Amino acid sequence: MSEFVNTTPQSSLRRSMLCRVQETLGAQFAEHQGAIVVRHFNSQLDEERAQLKSLAIIDLSTLPRSGFKGREAPQWLTDKGVNIPETPNQAVKQDDGSIVARLSMQEHLILSDLAISASLPAKLEQSWSMQSDVACYSLPRNDSHAWLYLTGSEVRAMLSKVCGIDLRDNEFANLSIAQTSIARINGILIRDDLVINGSDESSSAIPAFHLLCDSSSVAFVWESMCDAMNEFDGKPVGFAALLNEQ
Amino acid sequence: MATTHSTNSQNNRLASGGLLIDRSQTLNFFFANKHFQGFAGDSIASALAASGQWLISRSFKYHRPRGVLTMAGQDANSLVQLPSDPNVLADKTALVQGMNVDGQNYSGSLEKDLGRHIEKVGGFMPVGFYYKAFYKPKGAWEKWAPLIRKKAGLGVLDENFKPGYYDKAYRFYDLVVVGAGPAGMTAAIQAAEQGAKVLLVDENPVLGGSLSYDRIDAQGSNAQALRLAMIADIEAHENIEVKLDALCNGYFADNWLPIIQGARMYKVRAKELIMAVGSLEQQAVFHNNDLPGVMMSSAIARLIRLYGVRPGKRAVVVTGNDHGYAVALEMLDAGIEVAAIAELRDAPIQSDIVQELASRGVAIYNNHAVYAAKASSDKKHLAGVELRKQIGRGKCADSGEFIDCDLLCMAIGYTPTYQLVCQAGGQLSYDDETALFTLQKLPKALQIAGSVNGNWSTDAVCGDGYRSAVLACNRLAQDNDHISAIAEPAPLADDSAASPNYSWPIFPHPKGKEFVDFDEDLQIADIVNATRDGYEHIQLVKRYSTCGMGPSQGRHSALATARIVAEATGRSVAQTGVTTARPPFAPERLGHLAGRSFYPERFTSMHQRHLDAGAQMMQAGAWYRPAYYGTTNQRDACINAEVDNVRNNVGLVDVSTLGGIEIRGPDAAELMNRIYTFGFLKQPIGRARYALMTNEAGVVIDDGVSCRFHDQLFYVTATTGGVDRVYQSMLKWNAQWCLDVDIANVTSAWCAVNIAGPKAREVLQKVCSDVDLSSEAFPYMGVREGHVGGVEARLIRVGFVGELGFEIHVPQHCGEALWDALIEAGVEQGIKPFGIEAQRVLRLEKGHIIIGQDTDAMSTPQEVQMGWAVSTKKPFFVGQRVIKELNSLGQLRALVGFVVDDLNAPIPLESHLIIEDDQMTGRITSCNYSPTLGKPVGMAYVQLHKAEAGSEIAIRSTGGVMVNAKVVALPFYDPQTQRQAL
Amino acid sequence: MKQINCPLNGLRNISEFIYGGEYHPMPDPQKCDTREWVEHVFFHDNIAGEVCEWWCHSATSYWFMARRNTITDEIIETFPASKIFNKRVEFIADAGES
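Chains as they are written, first to last, in this note's numbering: chain A, 2 to 247; chain B, 107 to 1088; chain C, 7 to 104.
These are calculated hints, taken from the structure and not from any lab test.
This one's a predicted model, so the numbers in the text were calculated from it and none came from an experiment.
Heads up, a few of these hints could be off.
With a Cα cut of at most 27 Å, we get these calculated DSS-like pairs of lysine-lysine [unchecked claim]:
{"hint": "1", "chain 1": "C", "residue 1": "K8", "chain 2": "B", "residue 2": "K249"}
{"hint": "2", "chain 1": "B", "residue 1": "K990", "chain 2": "B", "residue 2": "K1052"}
{"hint": "3", "chain 1": "A", "residue 1": "K70", "chain 2": "C", "residue 2": "K93"}
{"hint": "4", "chain 1": "C", "residue 1": "K8", "chain 2": "B", "residue 2": "K980"}
{"hint": "5", "chain 1": "B", "residue 1": "K373", "chain 2": "C", "residue 2": "K37"}
{"hint": "6", "chain 1": "A", "residue 1": "K162", "chain 2": "B", "residue 2": "K788"}
To list a few chain A residues with every Cβ distance to chain C over 10 Å, as calculated [as the list claims (entries may be wrong)]:
{"hint": "7", "residue": "T9"}
{"hint": "8", "residue": "S44"}
{"hint": "9", "residue": "V83"}
{"hint": "10", "residue": "P141"}
{"hint": "11", "residue": "Q180"}
By construction, the Cβ of each residue, glycine as well, lies at the ideal position given by its N, Cα and C atoms.
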């Protein structure tokens, strides 16, 4: 597990568009592998971990991600050793923990592993060039979208208030993707259950969804989610509790 | 409030019984300023009935006393007023401790309504009264309307009402069963057995439907036993979710159901749907049939079984079916004297129930009708009924027998609860044999079961529920592994012989007051007269007479109306039909419809900096943008100062909301060339070009700047409001053209500022070291990539505001850092942020148009002086052919610049008209005071003979003041374009 | 609410889609006469019966086509636009232009 160094959002050129609202909620910011994240809202780690299991929202907007699109994008990614899903609206978790989400036959979204140790999005971006003749084009996913992670046993009930997709367990399997309207904002919903390691070496999965939405709308989406979460006592949680579960 | 203390001791409460009430919890409440008591679980109406308060409301038109009719929310009789809630159904609304209930639609008091005398002039208020009486003379309606409106209407709005928290939620099920009566419960249990995930919905607080109050055997115990057994099965089944007190209030395409429960509306999608919605009991139509004390048989059963309330002391039953006898037994068992049964048929069909009743010594008058009811001396309750022998359809003998009673039980038949089914496309027809409405032509994935499907015996009803569940599950099993198919049961035996409907329970009276629709006080003659006035179609009868237009939407009047109209017009009931049933089924709150209101908001990454600088924010679509910086009372001064600072120093504006689209691939230039009007094939790398877009009709729809960063990479901006449409239109065109190109909307990936003014370069070069900013190296309309304040950036030399300017585009999440770097670097030069308002003035001074403001749905490039931006040398672009055709026809108008020299004249505003010889000949599209020129300047569409510089135009400005203006060549400012090329 | 089966995203509420108008093959802008072109741009067939239409799933900006019966509002079939458009469209300049 990596170290956190407490800091402020202003210490970086890249800032989450939620950092003001997070400040008002008592966020402690920290640097984690070059990204400024909310370390915690509540300094009691156990309470934040418990919150993850019931209902929590975590801002991952400063974590790396990238996208590749084009006629030859699937082949290009495969050539780079990326394991891509066979059909659109499916995601595959790579061995290093990164997620590759296929949004259409030609478009892929790459999400960093939470520890930011694999750096797959950045590696792929670095190996891509506009100069090559391959019909594969990099997309500015770090900035086009904000990245939220919603976890907990009540997450489906909460999402059913803002999203008209059938997310029931048997209808929407783990690593399924829905590109849809969420609180009237277009978004990408990826189911990625959170595996909790128990003290007795058992592990259990709790339902969890990544939500990627237009970055300029994220404050609105955050507010809509918090409103929908109130009923279940859902709360924002820091990155430390999440990383602790990995 | 002043209250009259009264005992109101629940003296009508039976010693035992009452499925819904909890006798251990007494609730105190007020009705019409009097104190009452009830029990938890009571409805307002049942609690009032328990204390003998039968008068609940006054009728809409004649202010007649009204009381309990259906006990099921199917009539307007029980509408009452709560402090913040008008038109509440007293028979459906749960009693709450301390509730303050009032009657509605009376003057003075409910008991002595001053408006009751209106009935005496009722003869002068025939059907269509308003249309006829106030149509002439002209202006009569305007005079009378306020008085009538004051008289009309029901409850009173609470103007201090505070909206509550309402929301919505989506739900998905294999099967939804609407109605938890015996058919619905059977269906739910069977479907769950086959593996389906089932939602069972009912508007009542308990499961059971009619089993919770009906008597289905002579002893009166079987219904409850059956109900409890089914509930046990349902509760034990994990596949069944139950929603009670939940109203399915409509049907929408593809089994989409709004289900309202508490403060939430569930939007439910059902793969299969079974409507087991039951049927609605109808009233007999006879003189004074609306008196309190005259009730549906089902209302009496509900009062006794659900609430343990005795509905009267001495009853008469008028019946055409078994149910009348069953309820008569219920009444006898509750200690109510049953004085007589008026059997409309020649004789009852013998059954255990009928025999049991006969054995108890109740007098049965075969082939008898209730000809008239008589009111008590205070006119507020039933005192007796006159039974007469029927001598023909709807005809009675000249005299009969008068029987004292305070309760009349009407059991003459039902209509299926057709509303939701008809909304789904089901069609209603009428069977003359059974005198029943039937439902047919159901859409796929929807079935009806139970009494709504014409089944009446408990066996038939349950069998129908079972059969529909098997059919639904067998269909589902084809695509759903978790659902199993079983052998299809045989079709049910015909149950129509058990029809509870008597064909003609309608008995006209010389004095009228035989009410068909209680909501609107409509009598037989009103319906007949509507047809005689020429309104023969059932839809016209409804609109002319208002029949079925009241709060209960014809639920207790549809059958009688159809029968009366059919007879009056010589058609069959099937031909006559009923009026269209539209959602909602029952009234619903605006809060339920609104739910959480999601109005998306978009913020740029510099938003906080605008707030910090004191910006007044304005919304442009979903975006928040700074209008100007400063206080609202200094608005104009702030805007003018911002303009001055750009013209003389340097200003910074947030242009992040501009759209951005990246076009990449071997065919990138070809796509640009087809989408935009200019030529782009030969656009050099490192250069920007103005990009104008027209639609197929040749109308200007968007513009932007095309930047070529690479042979195969164009970054083109689009207007804030237009980018999504532009992007989708590009994709749609390329879906047809199949060019080898990728199109990406990167609007939110980039934020941008425009640093503009003579000192812009001076400021920018302090924070940008890797781009040579000199005019020679980086000329006007050049594009470069580099870093600003340490952030990777795309720089575009633009001139929208008419000064030396650089648009700096950086990754969205770095916007705040960019803003800070530039503001800090520009302190010495006096950099100031400027807002959208100043930008509008600046661009107007420079003669730049804004698409959508200076263009309309007819604007061609030629008209807006953009002919230069249209290539004539390429084989195709969208809109090209129409533009060519239009140009060959000759131009009709032109967008020109104008100045107003009279500084005292009211400044013209957008859309003010240009007048010539009393004719409208043009309009203003933009106009502002120009601080740079010291006078108002603007743009307007004018006819061609006024387009020459120097032409005089007359504008009809604010307050109708005519303002003279002079057409001038554009731009107003810096015509040689030296400033932006600095 | 009606549902549309999007070839990319599956069955979705119709509120997720944008109607893109009737499909109408484009005449050759170089060869057709004025009337033919004007009718292509401004006239709509508005058939009572089966039509072929453009639809766009707005969250993915995915364009596809649907066959729909305008009398019953039944969507008979949806399919990718590539089923109709599968080769590059060229526009060749007139002899007089370069």
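Practice problem: Given the hint that K8(C) pairs with K249(B), test it: the Cα-Cα distance must not exceed 27 Å. | Solution: 46 Å, violated
Exercise. Mind checking the alpha carbons of K162(A) and K788(B) for me, to see if they're no more than 27 Å apart?
Key: Answer violated: K162(A) to K788(B) is near 52 Å, above 27 Å.
Self-check item: chain C versus P141(A) - minimum CB to CB distance exceeding 10 Å, so not interface
Solution: 16 Å, holds
Quiz item: Is the Cβ of S44(A) farther than 10 Å from every Cβ of chain C?
Solution: 38 Å, holds
Quiz item: Under the criterion that the straight-line Cα-Cα distance not exceed 27 Å, is the pair K373(B), K37(C) satisfied?
Solution: 53 Å, violated
Quiz item: Given the hinted pair K70(A) and K93(C), is their alpha-carbon gap at most 27 Å?
Solution: At roughly 21 Å apart (the allowed maximum being 27 Å), K93(C) and K70(A) satisfy the hint.
Quiz item: Minimum Cβ separation between Q180(A) and chain C greater than 10 Å?
Solution: Non-interface label fails for Q180(A): nearest chain C Cβ at 5 Å, not farther than 10 Å.
Practice problem: Mind checking the alpha carbons of K8(C) and K980(B) for me, to see if they're no more than 27 Å apart? | Solution: Answer violated: K8(C) to K980(B) is near 44 Å, above 27 Å.
Quiz item: If you draw a straight line from the CA of K990(B) to the CA of K1052(B), is it 27 Å or shorter?
Solution: 24 Å, holds
Quiz item: Since V83(A) was said not to touch the interface, does its Cβ keep a gap of more than 10 Å from each Cβ of chain C?
Solution: 21 Å, holds
Exercise. Classify the label on T9(A) as holds or violated, using whether its beta-carbon is more than 10 Å from each beta-carbon of chain C.
Key: Holds, since 35 Å exceeds 10 Å.
Hint check: violations occur at hints 1, 4, 5, 6 and 11; the rest are consistent with the structure.
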